[in-house]
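Enquirer: Keeping their order, the protein sequence lines are chains G and E. UniProt numbering puts the first residue of the first sequence at 1, with every later residue one more than the last. UniProt numbering puts the first residue of the second sequence at 1, with every later residue one more than the last.
If you are wondering where the hints come from, they were derived from the structure by calculation, not from laboratory data. Heads up, the beta-carbon is just placed ideally off N, CA and C, and yes, glycines get one too. Heads up, a few of these hints could be off.
In the DSS-like style, the derived pairs of lysine-lysine whose C-alpha atoms are separated by at most 27 Å in a straight line are [said to hold, decoys possible]:
1. E/Lys103 - G/Lys262
2. G/Lys137 - E/Lys44
3. E/Lys44 - E/Lys103
4. G/Lys185 - G/Lys103
The following residues of chain E were derived to be distant from chain G, with all beta-carbon distances above 10 Å [unchecked claim]:
5. Phe13
6. Asn47
7. Tyr56
8. Phe73
9. Val127
10. Val173
11. Glu186
12. Asp228
13. Gly256
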Amino acid sequence: MSARKQPSLWGQIILLSLIIMICVFPFYWMVTTSLKTHIVALQTPPAWIFEPTLQNYREALFEDGVLRTLINSLVIALSTTALAVLLGVPAAFALARFEFRGKKDLWFWFITNRMVSPIVLALPFFLIARNLGMLDKHITLILIYLTFNLPIVIWIVTDQFRGIPYDLDESARLEGASQFTIMTKICLPLAMPGVAVSSIFAFIFSWNELMFGMVLTRSEAKTAPAMAVSFMEGYNLPYGKIMATSTLIVIPVLIFALLASKQLVRGLTMGAVK
Amino acid sequence: MRDRISGRTIFAFIGPAVIALAAIGIVPLLYAAWTSLHFFNLTKLKNARFIGLENYREVLTDEVFWQAMGRTFFLLGTSLPLQIGLGMIIALVLHQPGLNILKTLARLSLVLPMATTYAVVGLLGQVMFNQKFGVVNQLMGGADINWIGDGTNAFIMIVFWDVWQWTPFVALVLLAGLTMVPGEVEEAARLETKSRWTVLRYVQLPFLLPGLVAVLILRTADTLKLFDMVFTLTRGGPGASTEFISLMIQRVGFRGFDQGLASAQAIILLIITIVLAQIYIRVFYKEV
């Protein structure tokens, strides 16, 4: 038995190390490139050892206005997440606790919302926003991001509410509590993990979004990914600066994703498996 | 057991969400449908006029549209099997007992690709696959491959990044499935047979199926939506070699300014998406 296991143990170690390297290496390369001067970044063959500098970060943040786009992204992602939770939690409570006609159709509608390509909505939203004078405004992105955030919140929180024993509602009702009180005072505290995870998802998806950010903003409400892409115009691209901006975009998401890594997969598959 | 709850109470809870989603989701779709029936070019708005199904006729007979559609499904057909195959191997390795610290490290590393902003993956691809200063050519022993400027290479590069970003997801979904298999059952099966394949096929597979269905549905939907990574990496080029369906619609609508035609393409894409979703749900969730 042990003779058969020994080589497979080494095989495992090699495979695991390979997995770690392949996952981590692009990150390593992004961060190190962001610390290279323009000349070193464009060196052939690429340099592995060099003198790191924070110049790219300084320039990107304070001269090119990446800082402002990061703040825009933060404001937009936080607002749309808050709005999604505010609208989504009561809806989730209704889906978990009440019986009504068309409940299943509503579920299916939420699933299709997740499957629709953003380009399908980007075209009409651009025209509508243009006619209403709402291009390049934070509120426009906050609202359109609800199309993918609201379904996420509803799916995950409904699942949480379903896991809470119905007896708790019963006894509260015997004491005369309204449905609203039952939701806020009894169920919501128990469903907080689900609310937290769905908020993290909503935040990450909004923070990462590119197409709407690109199409619906110009300068005032420009988001960080749209900014990173706008560095790509012209010749002699500032790759160090692009990687510095990319690093600044990825780091916050990474922190959230690692915090929620246990629930990440569950959350992502939720819409499909239900 | 449950009390009858009045329609008004139900509406108070669920109404706001439904109204909000309808306003920001359905109204734009109706507007897209309306636009698709018009000649609607952003640079010639004075000439806007109703032309019935003319845009649809044009899209349905447009070879370029169907090529982009075919390319999208070809990408799905190449990268999804790779993701499932590699994901399965990773999941099985992580499922083995022992080496706990290394495995925890591996599991945390798997989160990195999934957490990377799609647009950033494309930008990173530009840096790493650059012909001159890219680290990929260097790692291949100083190869001189033009990744971004050659159609086939650009497509391979897109497959690489799609696999890099989504194999971890598949692996973690399958790993979750593997941990659902009751320990005693797996033990007993291992005593019965030496063949890992038999154990996988007859004991573990039933527990993996829901996850695989989820992967199939999500990856199909995401591939139809695929935009950010390809836009920042190749912009659909060179030529049209990596122009997938969302990129094509974006090009027609926002770079060619023909919003009427682009809306017709978008509506057809939407119909294909909904039909696929329906088929999946019918096939996999017969009881629904």
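Enquirer: Are any of the numbered hints broken by this structure? If so, which, sorted upward?
Expert: Violated hints: 3, 5, 9, 10, 12; rest satisfied.
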